[in-house]
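> The listed protein sequences derive, respectively, from chains V and U.
Using this note's numbering, read the first sequence as starting at 6 and increasing by one per residue.
Using this note's numbering, read the second sequence as starting at -3 and increasing by one per residue.
To be clear, the hints were calculated from the coordinates, so they are not data collected in a lab.
One or more hints might be untrue.
Stretch by stretch, here's where chain V covers chain U in the computed footprint (C-beta under 8 Å, at least three residues) [claimed, not checked]: (1) 75 to 83; (2) 152 to 159; (3) 283 to 297.
None of these values were measured; they are calculated from a predicted model.
Virtual Cβ for every residue (Gly too), placed ideally from N, Cα, C.
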Amino acid sequence: MPNWRWFSVFTVLILVLAACGDAGTSASAPDESDDPPASGSDASEPPASDGGTSGEPQTGGTLVFGAAGEISSLDPSLTSDGESFRLLQQVYEPLVDLVPGTVDELEGVLAESWTGEPDGTEYVFTLKEGVAFHDGEPFNAEAVKINFDRWQNFATEFHDGAYYYDAVMGGFGAENNIESVEATGDLEVTITLKEPSPTFLYGIALTPFSIVSPAALEATNADDPAASTFGTEVVQAGTGPFVLDEWISQDSATLSRNDEYHGEHTAYLDRLIIRPIPDPAARLQALEGGSLQGFDLINPTDRPAVDGVEGFQLINRESYNTFYLGINPTATEDSPLQEQAVRQAVAHAIDRDALIEAFYGGGGSAADFFLPPTSGWFDSVGADVPTYEFDPDGARELLEGAGFGEDNPPTVNFWFPTEVTRPYMPDPSGLHQAITTMLEDVGFVVEAGSAIWGTEYLPASAASSYDMFFLGWTGDYDDPSNWYGVHFGFSQGEAPGRFSCEAEGLEEAEAAADAVLEEGARGEAWNEVAKIVHEEVCFVTLVHGDTGVALTDAVQGYVANPTGSESFLDIWLSGE
Amino acid sequence: MAKFIIRRLLLLIPILLGLTLLIFVFTRLLPGDPATTILGERATPENLALVRESLGLDRPLHEQYFQYMGGLLQGDLGRSFITNQDVVNDFLQRFPATIELSVAAIIFAIAAGIPLGVYTAKRRGTWVDASGTVLSLIGISIPIFFLGLMLKWIFAIQFPILPDSGRIDLVDYFIPRVTNFMTVDALLAGEPGGFIDALRHLVLPALALGTIPLAIIMRITRASVIDVLNEDYVRTAHAKGLRESTVDGRHILRNALLPVVTVIGLQTGLLLGGAILTETIFSWGGVGRWIYDAVRTRDYQIIQSGVLMLALIFVLVNLVVDISYAFLNPRIRHS
Chain V
6 MPNWRWFSVF TVLILVLAAC GDAGTSASAP DESDDPPASG SDASEPPASD GGTSGEPQTG
66 GTLVFGAAGE ISSLDPSLTS DGESFRLLQQ VYEPLVDLVP GTVDELEGVL AESWTGEPDG
126 TEYVFTLKEG VAFHDGEPFN AEAVKINFDR WQNFATEFHD GAYYYDAVMG GFGAENNIES
186 VEATGDLEVT ITLKEPSPTF LYGIALTPFS IVSPAALEAT NADDPAASTF GTEVVQAGTG
246 PFVLDEWISQ DSATLSRNDE YHGEHTAYLD RLIIRPIPDP AARLQALEGG SLQGFDLINP
306 TDRPAVDGVE GFQLINRESY NTFYLGINPT ATEDSPLQEQ AVRQAVAHAI DRDALIEAFY
366 GGGGSAADFF LPPTSGWFDS VGADVPTYEF DPDGARELLE GAGFGEDNPP TVNFWFPTEV
426 TRPYMPDPSG LHQAITTMLE DVGFVVEAGS AIWGTEYLPA SAASSYDMFF LGWTGDYDDP
486 SNWYGVHFGF SQGEAPGRFS CEAEGLEEAE AAADAVLEEG ARGEAWNEVA KIVHEEVCFV
546 TLVHGDTGVA LTDAVQGYVA NPTGSESFLD IWLSGE
Chain U
-3 MAKFIIRRLL LLIPILLGLT LLIFVFTRLL PGDPATTILG ERATPENLAL VRESLGLDRP
57 LHEQYFQYMG GLLQGDLGRS FITNQDVVND FLQRFPATIE LSVAAIIFAI AAGIPLGVYT
117 AKRRGTWVDA SGTVLSLIGI SIPIFFLGLM LKWIFAIQFP ILPDSGRIDL VDYFIPRVTN
177 FMTVDALLAG EPGGFIDALR HLVLPALALG TIPLAIIMRI TRASVIDVLN EDYVRTAHAK
237 GLRESTVDGR HILRNALLPV VTVIGLQTGL LLGGAILTET IFSWGGVGRW IYDAVRTRDY
297 QIIQSGVLML ALIFVLVNLV VDISYAFLNP RIRHS
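One chain only, chain U, in its complex shape (with noise of 0.2 Å):
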């Protein structure tokens, strides 16, 4: 097992070398740079060439990607080119932000897409099942961005019950923030009515973002449960008058979690991708709207770390998925 977790950051290392490259060239290759971002109307020639030589834009591209790769292997990622931050700590203040969402995202996933997919498994041809099946093809299509304005505008403003953006409400709670998990923050600062309000505001933009994971939760979790409830042991356990419910946790889910697990964990590090698209709509200050805005501005220094630094996590979270195979199923070895 440690051989295996070895050999897998060993290969990180490629990995990353070849995606610093990519991530270099796909910045260089969009239309402009941050110098007109930052000059706007003023933007004449002449402007233009004094603000890239003060940027470093004017060398070559290769002096610019060897000067980049050395700050980078010394740990240095790098300062954005419009503000001037530091992009690890730009990074590393808003990651709690796009954790706290994602999380959310996920739970809400899970919760609703297991017992679904298993009652709509053992209803099995049933209208409810059908329905089931059309509503998580709805779920896989819908655009994030659409659901995500419709959400808003039918529990934010139609019937308001719900926060239609931000974190917390900042009128009523002023909570100093410590770990960027506001959540976490509002119980640090003794306030449980905070806490609460965290949580309402983390529900639409979770329902926008755990949707696509949801659906596809629910149709492994179906077509798993069906492939089980099939098998001659569950057939056995009903024969042996266990409680239905025993049936279910004990020999079916248990049996059938396998690929959901694998699925969880892909749809984990797709969620990043997701929560560009979320944090813009529900001003969620994460990576992603972060992200989002450096691409719009041409900011390459937060492009380019940015992307890099996400990248590392989604291959770290799947490296886990791969681990804790072998811990449910321990016919699976990894040598």
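Next up, chain V with everything else stripped away, as it sits in the complex (with noise of 0.2 Å):
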């Protein structure tokens, strides 16, 4: 029976393979401590399986990383998505970064030390004496200069990738807020801006700020749009605790520690792999099956998969982000939004605490104005902001002040994005018919509308073309200008489109608070905008949701960032 043997000999030889197995993975596989110590070596060692969240770091071992998306360019200044960010803010630094965990705390990085004030035009950074770049260029104020240059004349194909440099400086060329920059020694850059900013220091904070090797930029003509390949090559350039050794467009990227790191010690791990898996449902099997050791922006309702779970830590990353409910008055004829009441009684009615519970996995906080808990500005902002308490009664009896019974009810269209996930907006279906029901209960006629997220919803909400509808935000940099200023900030004159709010008096408060830079009267002056927002209810805040990041429990020093912006510099295995 020869056809039989064949069959029999395939299925032997796919056994034979997963058998083989056995050896290959046991080196990823997180409880090592198990093993039966090496003989010779018992009392005067401490125990591994003791590490837990103690112990001094070790030096050693690969951590292969699952992130939720591929990155979307290789050259820092040309990205604005966290993905991007992750990656190359291992091996690429900026003159200043935030202090690991805070949002609002800078330190310097390959500045020493710098000088400038919010209110003021000039800024002068001393810089860290004997860094090199990874292609073995020494970094100086040259360098800096360069780069800075290299932005401000950024070709126009370069411009839609350079949001950022777009955003902070205000444009590119000779129209932008940069005056100058000059290199005034070998080891300090003095910038000059045209207008003072108050969020210039945390703007070149972010990772597009990043200084990059000069003879890199010119090997690989970084600066011709047509021939460019620092974006799409793998580039020895920077700076960072870990070099990038090979990239694999959606498969992985492997990092090796830099030896010659100018920190106070040298990255941990011997090599960071980072593998882009999309699905979070793949990601959280990937760690389980122990082909990674840890992966970003667990699912929340799979928090308990590895919460308190033998084997698996949760590191929770308390939010930065607010999501919200858009309202827009003048988005249908006759609009029962048009008043202030009915919008009041839309805030009344959401119960946000359950929204938490529900589908945030208890990761969270209600969100009573748009700045989160983690900003430096919640106090000063946020004093005396008008709050809308979960009050089903209180919300009928705005109805009925309004002029809406049972029999005229306020009806409203209300959307929902579908093929999208967000960090704060986990379930925007499951969200939606939740908040549709607490908004029935008190009397509204909902008609639901759904449309796809990237193609259809973002433009229509920005088109105002939604009474009511689902989006959020997660902040950039500390600033409350980068919050209400963005969503709120008029535009010669135009009401922003997202709301159609015509609040009274907000476009002079945004105005007077763009203008405030001394941090007291600026947070006091942001404030008043915020009382008009959110006593016109321009719009409803709703949750702050917070993020985790899974790992197996060999993976020590992992401190999350409410922003995201996360070094591996400081994390170890223990065990290895």
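Both chains are given apart, each in its own frame, so use the hints to dock them into the complex.
Right, dumping it as structure tokens:
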């Protein structure tokens, strides 16, 4: 029976392959501490299994980390998304950066120190001595100047990619806010702005402002849109704790320790491998299957699968985002939402804590106003802002007072996006169902609508087509202008499109707040804006959603930052 | 024969031209465009207009098409709208991964499908045959994504004997990518352990991708063998006292194989479609996942050129199958 025999051979082959594996995968298994101790090393050494969350960092090992998506470019200045930042900030560094775990404290990275005030226009950076790029070229003031000049003079083809330079500096070329960038010493750079900018330092702490080796820029024709290979090929051009060895799009990026790193210590990990796996369920499976030792953005409902489960740990990343319900009183003619009382009724009808329990796995906080509690401006901007407790009876009374009742209920259309989840919005359709029920409970008639996120929903919501819709925001840097300013800023006297909020005095308050530079007064000025926006209920802020990083319990030293800006410099593996 | 091949190759030109138009129109029919993907929450009508202009998406459709065709005729398949990577480079970097997976899947399908088909055919009407038929029906109708997830859940998580995703254990093996065939690269790097590990990573995705062709090959083989079993020359061979294996190999299988080869050829082409799902489930960095992501982000350039290249390969595979007929069966003459 030769055919049967071939089949048997084939089956055996598969079984053999499966059996071969045990040797191969054991290195990545999380429970290495179960191995019998090597003979001879007993009481004198601390047992590895004690290593939990304490103990001295150990050097060595490879960490495979699952990311939620592919990077968009290898050129840091042309990226604006979290996945690109995650990879590139291990390799490249800006002059200053956020202190790990904070959103509003800065520390020098490539700059040893700096002078400059929020209401001033001159910043002098003293650079660190003895820093070299990964290609061996020295880091100095001239290199910083070349990078700043490069960004300012970007060809128009690069302008879309250089979103953050555009946003922080107010455009490109001679018209933006940069007066001059001068190398005023071998290790001293003086940057002069045209107008004071209180967000300047936070802006240049972002990954797109990383300083890149000028020699590498030249070698890769980085400034020629047609010929540049800087964003697409692996180039040694950074100063960071890791060197990029290999990048295979949609497969993996392999980084190894930079043994010449200029920081207090070099990275503990020998190698860091980042694998993009877009589906969160697949990331969790890969962690459980042992091919990842950690991944970001766990599905909130999957938190119990790792939180407190043996062999795994969950690092909670406090929210730096806000999920909100946008309101457009002018989207439909004679919309009941034109009445302030009706908008207030919407705000009172929603039980935010119930949403957090049901959809965020308990990880999050109710959003009384736009800024998350992690923001340094939370107290000053949020002082005395009108808030809307969950109060269905109050909501019904408001509707009654506005002339609505069972015979003529207020009817609104209410939209949610499909084919998307965001850290602030884990389950759009479920959240929509829950909030619809809450609104109907106080007397609204809701016409539900859904549209595909990237293709239909975003443009339509931007064009004010929906009465009510879901959206959210993740902060770029810690300043109230990045929250209220982005959403309620007036451009050339036009009311902001997304909310068609025509609150009296908003435009003046906004303009005034933007001009105040002194920190205390700035908080108060933006507080005025916040009061108007929430008094008028231009939108209803709902939830600040936490996100989570799932790790095996061998991974130590992971410090989550609300902005997602996280270095792997201090991460180590126990039991390696 | 040469004439036949030349004619088929010439026929490719109108087919591919028609395809470019079809794909171009289909991608533009999808709601939305790459500008919204690039901007995300920052999409305002003004921003969208700016990005569309810089991508050339504000120009009339026929202009966009002719510009694309102009590049195509000069061998320029364009650059990704999102990453600005050269599409041909992207494709060539990923295609070996897809071939590796497809070859593994088709080997599995043939190696298991043909023997199973012969086995059930020779036991026609018994319970073995009946259960084989039922199993093959299930195999044909089970969705790949479901099968993939189940295989992963059972063999990588509940009973972790095989890896859950990826192409090699990245912790244990650092294999420089030379050919991008992981098995080959592991051997080139002098890592026999890496070779075995790459094979292990192939098992689950190949099972998921190979199950449908396996079931089809098994059914066709069974039907074809049953036909041949009733032929006089098989009875004669048995009567001559030939060994069972000789009759099976030399007289039954060789004559029953022609329809099977047709099916194998067709299935090989169709695997490229199944690869899109399999690669997505198993985080396999091949062409399938690349195109899947491009559809999701509306990266027109990748969809257009990527699908075009896949179509070209599909047509070429079919041509090779047609040519192979002549060798298997001298009665068929291409003229």
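> Can you confirm whether chain V covers the stretch 75 to 83 of chain U, using C-beta to C-beta distances below 8 Å and requiring at least three such residues?
With 5 residues in contact (Cβ-Cβ under 8 Å with chain V), the coverage given for the stretch 75 to 83 of chain U holds.
> Using a Cβ cutoff of 8 Å, are there at least 3 residues of the stretch 283 to 297 of chain U near chain V, or does the coverage claim fail?
It holds, with 6 qualifying residues against the three required.
> Taking 8 Å as the Cβ threshold, is the statement that the stretch 152 to 159 of chain U is covered by chain V upheld or broken by the three-residue rule?
Contact hint for the stretch 152 to 159 of chain U vs chain V: holds, 6 residues under 8 Å.
Going through the hint list in order, the structure satisfies each hint without exception.
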